[in-house]
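Residue numbers (my numbering), protein chains in the order written: chain A, 55 to 472; chain B, 4 to 259.
Because the hints were derived from the structure by calculation, they are not lab data.
Please read all numbers here as calculations on a predicted model, not as lab measurements.
All C-beta atoms, glycine included, are put in the ideal place defined by N, C-alpha and C.
One or more of the hints may lead you astray.
To be verified - Straight line, CA to CA, 20 angstroms or less: simulated EDC-like cross-link-like pairs of lysine to aspartate or glutamate:
| # | chain 1 | residue 1 | chain 2 | residue 2 |
| --- | --- | --- | --- | --- |
| 1 | A | Lys-280 | A | Glu-380 |
| 2 | A | Lys-373 | A | Glu-143 |
| 3 | A | Lys-230 | B | Asp-168 |
| 4 | A | Lys-227 | B | Asp-168 |
| 5 | A | Lys-355 | B | Asp-75 |
| 6 | A | Lys-292 | A | Glu-380 |
| 7 | A | Lys-320 | A | Asp-405 |
| 8 | A | Lys-373 | B | Asp-75 |
| 9 | A | Lys-227 | B | Asp-15 |
| 10 | A | Lys-384 | B | Asp-168 |
What the hints assert, rightly or not - Each pair of labels, with its calculated beta carbon distance range:
| # | chain 1 | residue 1 | chain 2 | residue 2 | range |
| --- | --- | --- | --- | --- | --- |
| 11 | A | Lys-355 | B | Ser-160 | 21 to 29 angstroms |
| 12 | B | Pro-134 | A | Lys-227 | 25 to 33 angstroms |
| 13 | B | Gly-90 | A | Asp-259 | 28 to 36 angstroms |
| 14 | B | Ser-63 | A | Gln-397 | 51 to 59 angstroms |
| 15 | A | Arg-109 | B | His-69 | 23 to 31 angstroms |
| 16 | A | Gly-226 | B | Ala-7 | 48 to 56 angstroms |
| 17 | A | Pro-365 | B | Ala-131 | 32 to 40 angstroms |
| 18 | B | Pro-134 | A | Gln-397 | 38 to 46 angstroms |
| 19 | A | Pro-129 | B | Glu-255 | 53 to 61 angstroms |
| 20 | A | Lys-355 | B | Ser-63 | 21 to 29 angstroms |
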Amino acid sequence: MKFHWFAEATYPHLPKNFPDMGVSSWVTPPHSLGDPRKLGEMYKMFIRLMQQADRDGFDGLAVNEHHQTPFACTPSPNLLAASLAGTTENAAILIIGDSLALYNPPTRVAEEMAYMDCLSGGRLIAGFVFGTPMDSVFAYGIPPVELRDRFHEARKLILKAWSEPEPFAFNGKYTKLRYVNTWPRPVQKRPPIWVPGSGSLETWDLVIDEDYCYGHLSFSGLHSAKPMVQAYWDYVEKRGGNMNPHRMAFTQLVCCSETDAEAEAKYYDAVRYFYRNNTLDPGFTAPPGYTSVRSAQEMAKRMTSGGGLSPEDRARAQKGEMSFWEYDEKGYIIAGSPQRVRQRIRELATDLRIGQLIACLHMGDLSEEQASENTRLFGTQVIPHLRDLWADQPDHWTPEVSQQRIAAASARRLEPAQ
Amino acid sequence: MKAARETSGAFDIRLWSGGSGGTPVLYLHGFEQHPGAAPFLQRLAERHPVRAPEHPGYGSSSGFEHIDDIFDVTLHYRRLIESWNLGPVDVVGHSLGGMFAAELAAVAPHLVRRLVLVSPYGLWLDEAPMPDPFVMTPPVLAAAKWADPARASDETSAFDAAEGDSAATFRALNLAAATKFLWPIPDRGLQRRLQYVTAPTLVLRGEADGLFPAAYLNAWTSAVAGAKSLTIPGAGNLPMVEAEDSFITAVEGFLS
């Protein structure tokens, strides 16, 4: 099993009454609430924390793309990834991912990802995403009915740009290029490709057909995700797809401390900050055409077929009205001592058949010191105890170089004790 | 008005028709839905042959995959009119249908005798941005659409449960198709092409229309040579529903 360090890069200085201001934290949040100098300090903090994660034994450093929101201040994941690719040694650079429909021309993605694969010595994981409605169709203005078509055209162009030996012409519907001849090319023959989704059948078909790693990137945990992830694996099996758990990534907020009691004292405020300040105008959630009719009908069926969380629980979690341990019980967070955390992650990974855990070790307005402790405890006292999970299955979805270097670093750490 | 299916090239569409005598009226519906056999269409059919096709991608009208941009829709309507062999027609277009009607009048002026545009999309004024209907919650949309939201139940629809889809799916398909032409800004360059419109043109707006700012009336009459505008009191975005008599009077007065 693999473990990737991740944070949403949430702006930590929103006013206390932000959730009551009646503004959306997506698309239209007042920019006056963000201080560019403090954002600069925040970016430096995330770079330091992820460099530490590289030293502490994590398999990957995950970065993502969101626009026009204090919830995740990473408009270009490639910028943060580039800061890491040249200053870390072992972990994969997990870009999860570039919103392909938003790059014009998409060869930009082929170039920048190749640059990072070169700079990191072959440690890139190429995540391709559709982007949330807020990002792709509201902030970046892509007609929702064209989003998937644009994504696929861009994906095909990027893959060809990485593999075609000669310059070629690309006559797409949205991109027309007479001379495609990408410099540089990636170190890896073809970087591993991950595509996260939110339950659309079209995305399931894509990852099954292409043998990509699928990702369920939510922040509501096991119980909420269970019906969807179960339906996904059933679908993979029905279609005769690859059932290898390393083809499934999952995000999970983790709050690790020396003791359970300490965890509550140290993380509760930050967890509430994370959920309470993620306010979303309902008008931005479901633009027409973003989800196909076929997928919308399937999703509605899954919603009504039981399981998952009640709407009341979701609303309470969103408003910060759950106790720390209720967040934990409902799956939003996994909290407590390293012993407790690893037990809970073992259950989660086994239950959902997950081979790639994207652990969110900084959330909301958590201090750097606390995030650093979280990283250290998780890297040194949780990860080593879970390496047996799915160890019998090959992992073709993380770079070979990272796998080798992390195994070597882990062996070096064990040696003095022997 | 009777519904039937009509095939035109790659498009298999639903079309409501009725009436006889005089120049035919082509009615092009708005961004939300085809109104079916609406009372105002029946009133128009008392004096004209009326044909009201559903846009490709709406309801059960197919062929949306053959449309990349507004030019494809314009050519679709040009061929449809030509296939009728009835000569030039009067075109009444509402909202998105108004945008299509104006494109058609610019590209195929020989096919359009007179043009009526009701709160048409297609132009953009930085000083009076067109409201974004796709971000509106149902109550906000209702407030923008109607002078009196209580009249919403008077709106007719081409939704037909017998076709198999749910009302929610019908609406999702319709609005998804609309985003092709209206997202993120309902401007596909029509302003440049309006110089080619030769048909006498009337632009209508309900006085309380919250989707089509009043400033656009002037923008349209400035862009289309000789165009007239008229504001209909007691109506929002659907004057043909909310102020049917005034609407019919205005349209018939202009077409006769």
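Okay, the hints, checked on the actual structure:
1. A:Lys-280 - A:Glu-380: Cα-Cα ~18 angstroms, so holds.
2. A:Lys-373 - A:Glu-143: Since the Cα atoms of A:Lys-373 and A:Glu-143 sit roughly 40 angstroms apart, the hinted pair is violated (cutoff 20 angstroms).
3. A:Lys-230 - B:Asp-168: 37 angstroms, violated
4. A:Lys-227 - B:Asp-168: Not satisfied, since the Cα-Cα distance of roughly 30 angstroms exceeds 20 angstroms.
5. A:Lys-355 - B:Asp-75: 36 angstroms, violated
6. A:Lys-292 - A:Glu-380: Since the Cα atoms of A:Lys-292 and A:Glu-380 sit roughly 35 angstroms apart, the hinted pair is violated (cutoff 20 angstroms).
7. A:Lys-320 - A:Asp-405: 28 angstroms, violated
8. A:Lys-373 - B:Asp-75: Violated, because 47 angstroms separates the two Cα atoms, which is more than 20 angstroms.
9. A:Lys-227 - B:Asp-15: With Cα atoms ~24 angstroms apart, A:Lys-227 and B:Asp-15 exceed 20 angstroms; violated.
10. A:Lys-384 - B:Asp-168: 36 angstroms, violated
11. A:Lys-355 - B:Ser-160: 21 to 29 angstroms: 25 angstroms, holds
12. B:Pro-134 - A:Lys-227: 25 to 33 angstroms: At roughly 30 angstroms between Cβ atoms, A:Lys-227 and B:Pro-134 fall inside 25 to 33 angstroms, so the hint holds.
13. B:Gly-90 - A:Asp-259: 28 to 36 angstroms: Since B:Gly-90 and A:Asp-259 have Cβ atoms about 49 angstroms apart, the given range 28 to 36 angstroms is violated.
14. B:Ser-63 - A:Gln-397: 51 to 59 angstroms: 54 angstroms, holds
15. A:Arg-109 - B:His-69: 23 to 31 angstroms: Since the Cβ atoms of A:Arg-109 and B:His-69 sit about 56 angstroms apart, the hinted range of 23 to 31 angstroms is violated.
16. A:Gly-226 - B:Ala-7: 48 to 56 angstroms: 38 angstroms, violated
17. A:Pro-365 - B:Ala-131: 32 to 40 angstroms: Roughly 39 angstroms apart at Cβ, these two residues keep to the hinted range, so it holds.
18. B:Pro-134 - A:Gln-397: 38 to 46 angstroms: 53 angstroms, violated
19. A:Pro-129 - B:Glu-255: 53 to 61 angstroms: Given about 55 angstroms between the Cβ atoms, the range holds.
20. A:Lys-355 - B:Ser-63: 21 to 29 angstroms: For B:Ser-63 against A:Lys-355, whose Cβ atoms are near 22 angstroms apart, the range 21 to 29 angstroms holds.
When held up to the earlier numbered hints, the structure conflicts with 2, 3, 4, 5, 6, 7, 8, 9, 10, 13, 15, 16, 18 and fits the remainder.
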